[in-house]
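> In case you want the letters, here they are:
Protein chains: 2
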Amino acid sequence: MAAGMKRYEKLVHDIATAIRSGVLAPGEKLPSVRQACLNHKLSPATVFRAYYELENLGLIRAQPKSGYYVSSHAIKQLSAGNIPPPGQESTTVTISDLVFSILGSIKDQDTVPLGSAFPWPALFPLQRLSRSLAHATRDMGPAAIVESLPPGNHDLRRQIARRYLMQGIEADVDSIVITNGAFEALNLCLEAVTRPGDLVAIESPAFYGCLQALERLQLQAVEIPVDPVHGMDLDYLQSMLEKRPIRACWSMTSFQNPMGVSMSAERKQALVELLTHHQVPLIEDDVYGELYFGMQEHQPAKAYDKGGYVMHCSSFSKTLAPGYRIGWTLLPPRYKREVERLKVITSLSTSTISQAAIADFLKHGGYDRHLRKLRSCFELQQHQYLHLVARNFPVETQVTRPSGGYFLWVALPERVDALLLFQQALAEGVSIAPGPIFSARHECRHSIRINYSKPVDASVEQAFVTLGRLMAVMQP
Amino acid sequence: MAAGMKRYEKLVHDIATAIRSGVLAPGEKLPSVRQACLNHKLSPATVFRAYYELENLGLIRAQPKSGYYVSSHAIKQLSAGNIPPPGQESTTVTISDLVFSILGSIKDQDTVPLGSAFPWPALFPLQRLSRSLAHATRDMGPAAIVESLPPGNHDLRRQIARRYLMQGIEADVDSIVITNGAFEALNLCLEAVTRPGDLVAIESPAFYGCLQALERLQLQAVEIPVDPVHGMDLDYLQSMLEKRPIRACWSMTSFQNPMGVSMSAERKQALVELLTHHQVPLIEDDVYGELYFGMQEHQPAKAYDKGGYVMHCSSFSKTLAPGYRIGWTLLPPRYKREVERLKVITSLSTSTISQAAIADFLKHGGYDRHLRKLRSCFELQQHQYLHLVARNFPVETQVTRPSGGYFLWVALPERVDALLLFQQALAEGVSIAPGPIFSARHECRHSIRINYSKPVDASVEQAFVTLGRLMAVMQP
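Chains as they are written, first to last, in the working numbering: chain A, 37 to 512; chain B, 37 to 512.
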């Protein structure tokens, strides 16, 4: 017993340690107060005070007329500093066959799509969008086609610029290029600033689309570890920038896919300053930025872009209109012309009707109201999914608890092979996203990403039971 | 006078030669019958018979109470065999800056868009499409997004496969990949079968999008001359296939852009057999194939693809729904997986709503009826535009007379610099497409492409007057 620690504090400490280390599993019943008094030779008041404190910490919960239980949220959170630096400095990427076969698996409607990258589409105002579409196309003159050519529909760019301004970010209508989703924007930005063989700093683990883009353009990945609490390791990035001729940095600064971590405002600023110092462009993937929980907006790194090195890419696919394929990039002058030129020679234009429909919705559809609903829905569901993880997954499981987005990153015990789990689960109608698809070197072999955008129903609950059962019997 | 030629035939021959060589210009009045009798020492019956015959040939027309005039269609047609082979065997392509600045020019609504690549949008059933859109999105479940992922909307692919079957071409629904317009399809196909530095056989002159694609992928162009009557020079192609390690061939076999020429069925078959023999894939750009005049469908080269080397690419952008950005490629098994993989990692998916709307229109909208209307509209307008060329352009002008599509290729006198004409015309509110944008080596400096899809009105007539005036004063 540490010096000066009170009796009740000692009990809190012991139980909390047992919970965090997995000795006491989520959902397990604690000894009754009477039993605890006997076990620990304590007064009921001391035990009551300790249990009250543990409840406040969120580690246990009282169930009326039943007793105290280890809280389902008491599952161990992935903590800072437990991601090792990569074993080598740069890597040739060959990820897309793996990803491709996994993406194919989510197309089955009967599979519970915990592995999906898409938000659950029923959460989106499809009917209202359809009205915007009808409204926009009714008024659409023949000239709309030419007006929709890159950089894109002027109304839509104006609406996007207005949203930047409300966020305190300077955005000229003519600095925005509309694309087929954020993914095309990211690809075009990367292509604009690299040549085959170039080195690109990326996150580890990373969004697999980033890995695919590097593979397609024959670029070398310099993997920068992502800490589950702080985000990209800026010290490591700095050392790499000093050592290697890095041509670009691709980062998801808010609610990073797959880990869910956001960089603090200070870190975002430091990232931009570091890259600006080295004159390295930042390709900022900010598709989840609007999906923050609570009241505090997450400004992107673009907000600190004094030097004009940040290409900010986002879309409406995760927030409003999945399937409409409307994304954009806000470009500093030095990259604008080349990205727009690549857009023209890659896919010419973006669907006129999709552009017009989104422009109309942004004007009349109540986008901010929808976003508020969506955020609180995801926040609620994160709790429910954490509960399901805690109730069904091995006790050694660690998980992130992002403050936005719709992904959990789950570190499983070493005996669980994520790819094997993926295959076995899929055979039972459950998809998960296995860790290796997020790693240039196919690491993260004991981690998975869980999409919690689907409201919990019997199929989701059953999916977690299935995953738990499969993991329980896995041998090291 | 050739042996056995009758007197009236001699007169027909002399006048036809004078017209075809430009001695008699379109719109010029012929000698009256009385005058011709005197000049040629012929009977009125013989002159009448000759004039009647010339009228039948379309070389002259009778104007009641006025006399006979050289027909505006009598402008000299570009004939076979007058395209020289390229001076070098392969070329590094750097076209896109030029094209990019020219494309930008057509966005001004006040410019008469003779240089546009787009069909005039008012000719399309935008209202009916908008109904299809409303209908399709009203019934659209949340699952539509996942169902629209590559290879794409199943209904749409089924409708496209059905159209192939009606054309006598075997097409499995699963061999079709939906793309963001034909342009993305062509780009993906090219990327799937090449590596930077590879040689690709292309047409000369070529669609500038093809040149841009080669430039983007850092490929070398092997230019194969296109004859204005027969299309791609297959002998030259064969010699290049035998000499150089060509990795792919990109060809627009019907209504080639910019020349408008179609290969005959025999030549298409020969092209496929030649490439198959060398195991070189054909990327067939067939976006104008449905726009044939008369009753005879133009089967694509794909119809002869016994060996599985032809990737057939097309879209609805020129025929039904400009701006919807729906194209596709029909792939042989050996290329299917790689093209689909590239689609996923380039732009992920194609607009769900665009796909669904086109699928609905193909089912219920009367696509064939619309196509028939569009074809006869383009055919009529081709006559009108030929008339305008004849009336306003220098007499030495030669022009193609395509049997489909909506482009004329106009060979101007050598004293006319097409790029200069482009700039001067643009300053006066008229866009044209100058020849050099269709050439890897910026040749075709005295040719322009004219888009005749805009119905003739005062602005179009004035545009031709402007072009004529500008050319009239150009010095060699």
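No wet-lab data here; the hints were simulated from the structure.
Quick caveat, the model's predicted, so the values are computed rather than measured.
Any given hint might turn out to be false.
Copies of the same chain look alike in the list, so a pair counts if it fits in one copy or across any two.
To be verified - List time: in silico EDC-like cross-link candidates among lysine to aspartate or glutamate, alpha-carbon distance up to 16 Å:
#1 342 <-> 208
#2 409 <-> 493
#3 399 <-> 175
#4 143 <-> 210
> Give a verdict on every hint.
How the hints compare with the structure:
In this assembly of identical chains, residue 342 and residue 208 lie within 16 Å of each other by CA distance solely inside one copy; the values are 15 Å within and 54 Å between copies. Taking the shortest alpha-carbon separations for residue 409 and residue 493, neither the intra-copy value of 19 Å nor the inter-copy value of 53 Å comes in at or below 16 Å. For the identical chains of this complex, residue 399 and residue 175 are intra-copy neighbours only, at 15 Å inside a copy versus 24 Å across copies, given an alpha-carbon limit of 16 Å. For the identical chains of this complex, residue 143 and residue 210 are inter-copy neighbours only, at 15 Å across copies versus 38 Å inside a copy, given an alpha-carbon limit of 16 Å.
When held up to the earlier numbered hints, the structure conflicts with hint 2 and nothing else.
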